[in-house]
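Could you build the full structure based on these sequences and the hints that come with them?
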Amino acid sequence: MYNKDILYKIKFYSFLFLIGITFFSCSKENFEAQVPAYISIPSITLTTDYATQGSTSSNIKDAWVFVNDDLVGVYELPAKFPVLKEGNVTVKVFAGIKDNGITADGTKYLLYDPHVVQVNLVKNETVEIVATVSYASSVKFSWLEDFENVSLSFLHHSSSDTVIKNQSTIVKEGSGSGKIFLDDDMTFFEATSVPFTSVPLSGSPVYLEMDFITNEPVTVGIYLDANQSAFITLNTTTVWKKIYINLTNVINQNNSFNPSELRVFFGIRESSTPFLTSHPEIYLDNIKLIHF
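In the working numbering, the protein residues as written are 6 to 297.
No wet-lab data here; the hints were simulated from the structure. Treat each hint with caution, since some may be false.
DEER-style ranges, computed between Cβ atoms [stated by the list, open to error]: (1) E178 / K128: 37 to 45 Å; (2) N64 / E153: 18 to 26 Å; (3) E130 / E81: 16 to 24 Å; (4) H162 / L76: 45 to 53 Å; (5) G208 / V122: 29 to 37 Å; (6) V155 / T61: 18 to 26 Å; (7) L82 / S234: 19 to 27 Å; (8) Q123 / T50: 29 to 37 Å.
Note that the structure is predicted; figures quoted are calculated from it, not measured. Cβ atoms here follow ideal geometry from the backbone N, Cα and C, with glycine treated the same way.
Here it is in structure tokens:
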């Protein structure tokens, strides 16, 4: 009985040893087969037809990368990352933005077409992609205001203490930007776009793009007919910032009465909380209201 037990144990451990060798061999082969190639994307730039699409100003923070239509990752720019694919592949690079300027709300910007390129991926080698994107051909531009003309596309509230004016001292690009200035005795400003009747009100993406500088928080929102919905506050900044304001949800939440038109508004009011500064000063440039 003792000899049989010994023989059984020898056979059992020999079997485990053989299984271990086989597993290690397979694992080693699999590990060695997973040497990646690398893709480098330093930045993503926007190109436009200025006459119909306005400025090339953008704030693209991330790259959403697809290889042969498989998502391989979302990468903060500049990016270099491994890819477990080889040979000739199709790479699509989508621009990633921060909805409403919120870092946690990163999203693929559907109103830009991706950069598409064929590359050859080789193990341990890096392919650099100089990515450029453009607006999708189906995107509609309901509003373009670059402040390059004398006349501006704004309406002002009847009680507003001041108006938006063209100026050429502090500009994002070109020769002009819009300036709002409140003097000591001014406590209220509100301006709206002209009414738009072609903006979709049924869930299709609607974005307001703009560049701004401000020393006072500014409220941005919409009017659906006469109903006002404040939406976002532009925080103070001493340098130009580009923001993508996603109006889709606020439109959907307030369209139950079947409105016929939409207006964008910008406002600032001193109430129980005093202004941060005695002379609020706001600059706007490259305003776009866009949608499918």
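Consistency of the hints with the structure:
1. Checked against the hint of 37 to 45 Å, the pair E178 and K128 passes, with Cβ atoms roughly 43 Å apart.
2. A C-beta distance of roughly 21 Å is found between N64 and E153, which places it inside the suggested range of 18 to 26 Å.
3. At roughly 23 Å, the beta-carbon separation of E130 and E81 lies within the given 16 to 24 Å, and the hint holds.
4. Range check, H162 to L76: about 46 Å between beta-carbon atoms, so the 45 to 53 Å window is met.
5. Checking the proposed 29 to 37 Å range against G208 and V122 shows it holds: the Cβ atoms sit about 32 Å from each other.
6. For the pair V155 and T61, the beta carbons lie near 24 Å from each other, so the given range of 18 to 26 Å is met.
7. Taken as a hint, the range 19 to 27 Å is violated for the pair L82 and S234, whose Cβ atoms sit roughly 33 Å apart.
8. Here the CB-CB span from Q123 to T50 is close to 20 Å, at odds with the stated 29 to 37 Å.
Hints 7 and 8 from the earlier list are contradicted by this structure; the remaining hints agree with it.
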